[in-house]
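J.: One-letter residues, chain by chain:
There are 4 protein chains.
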Amino acid sequence: MQLILKDGVTEEERKDFRKKISALNLLSFSILDGKNYKITIPSCSEKEIELLDNKDLVEDIITISQSYKLASRSAKQSDTIVDVEGVKIGGEKSCIMAGPCAVESLEQVLSIAKDLSEAGVEIFRAGAFKPRSSPYSFQGLGRTGLEYLSKVKQQFGMKIVTEVINIETLNEVAEVADILQVGSRNMQNFDLLKAVGKTQKPILLKRGMSATVEDFLMSAEYILAQGNNQVILCERGIRTFETATRNTLDLNAVPLLKKMTHLPVIVDPSHGTGIRELVAPMAFAGIAAGAHGIMVEVHNNPDEALSDGMQSLTPDQFKAMYNTIKKIKSVLA
Amino acid sequence: MQLILKDGVTEEERKDFRKKISALNLLSFSILDGKNYKITIPSCSEKEIELLDNKDLVEDIITISQSYKLASRSAKQSDTIVDVEGVKIGGEKSCIMAGPCAVESLEQVLSIAKDLSEAGVEIFRAGAFKPRSSPYSFQGLGRTGLEYLSKVKQQFGMKIVTEVINIETLNEVAEVADILQVGSRNMQNFDLLKAVGKTQKPILLKRGMSATVEDFLMSAEYILAQGNNQVILCERGIRTFETATRNTLDLNAVPLLKKMTHLPVIVDPSHGTGIRELVAPMAFAGIAAGAHGIMVEVHNNPDEALSDGMQSLTPDQFKAMYNTIKKIKSVLA
Amino acid sequence: MQLILKDGVTEEERKDFRKKISALNLLSFSILDGKNYKITIPSCSEKEIELLDNKDLVEDIITISQSYKLASRSAKQSDTIVDVEGVKIGGEKSCIMAGPCAVESLEQVLSIAKDLSEAGVEIFRAGAFKPRSSPYSFQGLGRTGLEYLSKVKQQFGMKIVTEVINIETLNEVAEVADILQVGSRNMQNFDLLKAVGKTQKPILLKRGMSATVEDFLMSAEYILAQGNNQVILCERGIRTFETATRNTLDLNAVPLLKKMTHLPVIVDPSHGTGIRELVAPMAFAGIAAGAHGIMVEVHNNPDEALSDGMQSLTPDQFKAMYNTIKKIKSVLA
Amino acid sequence: MQLILKDGVTEEERKDFRKKISALNLLSFSILDGKNYKITIPSCSEKEIELLDNKDLVEDIITISQSYKLASRSAKQSDTIVDVEGVKIGGEKSCIMAGPCAVESLEQVLSIAKDLSEAGVEIFRAGAFKPRSSPYSFQGLGRTGLEYLSKVKQQFGMKIVTEVINIETLNEVAEVADILQVGSRNMQNFDLLKAVGKTQKPILLKRGMSATVEDFLMSAEYILAQGNNQVILCERGIRTFETATRNTLDLNAVPLLKKMTHLPVIVDPSHGTGIRELVAPMAFAGIAAGAHGIMVEVHNNPDEALSDGMQSLTPDQFKAMYNTIKKIKSVLA
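Residue numbers (the working numbering), protein chains in the order written: chain A, 50 to 382; chain W, 50 to 382; chain B, 50 to 382; chain R, 50 to 382.
Fair warning: there could be bad hints in the mix.
Which copy? The list can't say, so a pair holds if one copy fits it or any two copies do.
As the list claims (entries may be wrong) - Result set (DSS-like, lysine-lysine): computed pairs, CA atoms no more than 27 Å apart in a straight line:
1) LYS376 <-> LYS308
2) LYS308 <-> LYS368
3) LYS378 <-> LYS368
4) LYS69 <-> LYS368
5) LYS368 <-> LYS64
6) LYS368 <-> LYS200
7) LYS200 <-> LYS308
8) LYS200 <-> LYS125
9) LYS202 <-> LYS250
10) LYS378 <-> LYS200
11) LYS163 <-> LYS64
12) LYS55 <-> LYS247
13) LYS243 <-> LYS64
14) LYS142 <-> LYS368
15) LYS308 <-> LYS378
16) LYS142 <-> LYS378
17) LYS202 <-> LYS368
18) LYS69 <-> LYS376
What the hints contain is simulated information worked out from the structure, not anything from laboratory work.
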């Protein structure tokens, strides 16, 4: 909860008011500055709000759920459906985004895109700029990669989702991308969030490895606060003590997010597991949990992939998976 | 396991060899480079090592000691189906275990059991002995609770699954229980594991809050090593940094366990989420991920429940959920 | 907070009262039964307690901090000093408990005890019964191990701390042990906690791998509630995503526990790090953080140790460490 | 690295060989059994591999690729001492960086700087640009904040460490800052790492909330790879299941990092605990664990602080703490 005190409030009145808060024995509070005097109180009850709502002193009260005001269900009750030039994310149909981890060559992306397009996939995923933990790992083809993606677009009419890793290359990426992806490592790169918020492009925001669901929504809020409400949330696994899988896919977050926000929620079982054989079962689980779609890595030759080969499906494995996804979706209705 | 190929091995021979590994359908492998060509295969059986130990190609094999011999797929390839006097767990049909967190009164268990029995549930769950973090929390009705459970058995012919919390009361509990539950907090109570291993009862073993999948299988191994191979594994959420849900339900563990072990795997979405509205979606997700069944808390009056009311379904909510579970199961076949 | 309603309260009055609670919009509540009607409300403010304190209905209010009533600072302001036949834990002097992970032979324990005794160590640690994750690991020498420990006692006059793993062997262990250790895996084995609470022996309670500080104190409360207030708390590392060390030693817990409880707090840098070279620096850190003592693994031949050799110090390394510990303690006063 | 000994190697030769490994003072090693005798050594340098590569005994060596070449001890054995115009970080003396979380006003920074300067602090910390989880939180005074920091520099001759949050404002920040801080949320903002790597300024790199020690070193490597080797590593707490403290300060990382890298390591007990009363004990613990310094939040009026007031010390509390830090450091020598 945030209390904003009126302009003319004296130092004396402020001190008295703070004593009142202290007397309520609230867990913690901190005083914020600015033009107005602001007081933030986490975990406050309606009763307490009532007690503190002194009209002579308090200009406004922002309740704590409003740390993600625009993203919350209370701000907008109906589901947001992101419209990518006719392809809808957030509606009745499961949305599938598929493709290789990274653009490796023109032949590679065209070959995979052909298979996926024939299978009915409308959104192609592949990274041109790759953020990598080690400076010595393959960092993506960059601009050349973007060119190859534009060929995929021309040749198969697929929509493109690809990652933007900094403000410098944002415009270049936005020329090719239909959906701008903000990766896990940049989920709290607030400058990048603001910058993509200023574009009119749909944004795919991936959950950070140690982000709570609340952190995740606050990062979405950064984008929404810039006037861009075309945000797709992507659960892709969190970091836990379990090392048998690359990450722990937190599917609890799917129905929880759907309760808390109007934004569409998709699941990435490739990064969420890191193990090829687990991808299909966890894609099924994601859809069954209520996800609006799946983002999945598909490679024509996974064993030779420059990155993430171990978690990539072959086109045939993908097709079998996609069939089952459609069946599960149909019985959930 | 790590295979190191000989220096002179040709590209052709390498490709052939990798096909052989793929054919064995091993969990995952990665190819490392360097002077020698190296292949890593986690969780590999002696049998597979033998098949891969090609002296013409392989210079050395480094085994990773397997700590769960009897529980492993390599020890027994076919799925174990636990037979609870005719009710099967681990086979084609999804197994549902439902009932209140705790036995509270005879009326309560009979009322809930009636509803569940009519809905087709064959296994009734409820705790008579409750392990609680605080010594001042309700600790269960004990022997009286067991008596009430035996009435459920007589009246509705349901099988009973209930928790055993120590060796002292094991015999008493085993007289009523058809399945003995070992709870999360006791997953590494090795003495209790040995004791239940000596009974001929099926055992439901719940994953510990901070147990890796490997720890989980080693605890199952303690039971199997006593000659009891009727063990059902239950994923019920792990402890992570996320506090918006009671636990983080780790559904990755479902397909992973099915790959690693022949034992049946079920999911508990009640403890796995702690939030009533998340229970059904996560039950669907569990089944879609491949679980052999669901353990779920159902209460005739959740708001009055002595424990875990917030995560309990009403009988009507349960019935709606069960219908969808059956539909999902049917399209997975 | 727990509200206990009066005996004669009618169903009608109860319902009205619950509506009142609902109206306060509190985060969650559950209703507990028993002879008295009980209502539990987590995270409640003083203000709300006031509103709910209806003398006509409410017999008693137990505030939530009382989930560990006896262990709390509010119950007892002065530090508890555990007295092990003259050796004090919790007072001015740092208490050192040292010895091998496991009793391996009479020669081994006598050799190590001789070195440690000469260095001024008064409490010898070594496990006779060893709880192990795998059923195929060395499980300790059992009774023979206890006999060897009694020789250490006779020969060097050292006090013995050794782990008790079940109720069956509690009496045997208690005959030799001056301090009964309850291990991490048994921190929530509530039956064992009650059983050791009934002895008059000092208890060393190790924190569970995924236990919060609050869980830890509630487990201590189980012992205290039996009338045994000679409890020593031991921080030994928690399970996190970091795999470079065996556990993450949570030294924050040391000053936090000292604020929350009157019980003495010691640190185990051997299990807390799992790496020999980190043991001394983290022992220093533990003492500097305010711990009342250190529990550390020392082996005369670490590379040949049957368990935990990698984290054991040699007697010479121990002596150097102990000297520095004393110096740090002296400048903290 | 894994060494596989030849079949015919005698017990005698094995013992000699293991002594050789011990003499190299390697981080840790374990001996595996099987047909061959195997020794595993994590994080081993090329130099050490050479020394151990005894063709008479060793059949094969499997290297583990090292992702942080320049940051590793093997690349540079002597400690790096970062020199901030005469103020040294990484040498014998503990380095203290102190100041408020955020620049709030000119009066505030001058008042705090005066107190700290008199206490002997040479490096002043305060944020002008603040990365905040919520878009509605106080985001810092920006350029005005930088101006106020330059006044601190002029008036007290203190060095300034302040956070840089994006490439756009890097030059501006670098004009005032003597040390550029990269915050936890930007630890894997690889573009920012490269950009600060191109400056000649010392860099203070804070560990990410879910970064392993290896991730941390790979991020440092991004900076070093640009030719800037003036990197100070700062442990500031990781995210775990424990919610009683803001973060879990991972002091294990201090001696571990000192073993793995030549870069200086400091500790931030303010963010590492989030609780004022825990700051001093954990600062002592950090120094005792071997940290080269402490970064700590000090505010002249913590209860009125715009951010992080709850974890800030008063100048008097700081002075008392600093005295004890010096004493601890003196007895560690």
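J.: For every hint, state whether the structure bears it out.
T.: Against the structure, the hints:
Proximity of LYS376 and LYS308 under a CA criterion of 27 Å is satisfied in both settings, with 24 Å inside one chain copy and 24 Å between copies. Proximity of LYS308 and LYS368 under a CA criterion of 27 Å is satisfied inter-copy only: 22 Å between copies versus 31 Å inside one chain copy. In this homomeric assembly, LYS378 and LYS368 come within 27 Å of each other (Cα to Cα) both inside a single copy, at 15 Å, and across copies, at 20 Å. In this assembly of identical chains, the alpha carbons of LYS69 and LYS368 lie at most 27 Å apart only when taken from different copies (24 Å versus 47 Å within one copy).
Taking identical chains as interchangeable, the C-alpha atoms of LYS368 and LYS64 lie at most 27 Å apart only when they sit on different chains, with a minimum of 25 Å there against 52 Å within one chain. For the identical chains of this complex, LYS368 and LYS200 are intra-copy neighbours only, at 23 Å inside a copy versus 51 Å across copies, given an alpha-carbon limit of 27 Å. For a Cα distance limit of 27 Å, the shortest separation of LYS200 from LYS308 qualifies neither inside one copy, at 39 Å, nor across copies, at 40 Å. For a Cα distance limit of 27 Å, the shortest separation of LYS200 from LYS125 qualifies neither inside one copy, at 38 Å, nor across copies, at 47 Å.
Within a single copy, LYS202 and LYS250 get their C-alpha atoms as close as 16 Å, which meets the 27 Å cut-off; across copies the closest is 44 Å, which misses it. Taking the shortest Cα distances, LYS378 and LYS200 never come within 27 Å of each other, neither inside one copy (32 Å) nor across copies (41 Å). For the identical chains of this complex, LYS163 and LYS64 are inter-copy neighbours only, at 26 Å across copies versus 61 Å inside a copy, given an alpha-carbon limit of 27 Å. Neither within a single protomer nor between protomers do LYS55 and LYS247 lie at most 27 Å apart by alpha-carbon distance, with minima of 32 Å and 43 Å respectively.
With identical chains, the CA atoms of LYS243 and LYS64 are never at most 27 Å apart, being 36 Å at best within one copy and 38 Å at best between copies. Within a single copy, LYS142 and LYS368 get their C-alpha atoms as close as 17 Å, and across copies as close as 26 Å, so both meet the 27 Å cut-off. In this assembly of identical chains, LYS308 and LYS378 lie within 27 Å of each other by CA distance both inside one copy and across copies; the values are 19 Å within and 25 Å between. Proximity of LYS142 to LYS378 under the C-alpha cut-off of 27 Å is found in both arrangements, the shortest distances being 8 Å within a copy and 20 Å between copies.
For the homomeric pair LYS202 and LYS368, the shortest alpha-carbon distance inside one copy (21 Å) is at most 27 Å, but the shortest distance between copies (47 Å) is not. When the C-alpha separation of LYS69 and LYS376 is checked against a cutoff of 27 Å, the pair qualifies neither within a copy, at 37 Å, nor between copies, at 33 Å.
When held up to the earlier numbered hints, the structure conflicts with 7, 8, 10, 12, 13 and 18 and fits the remainder.
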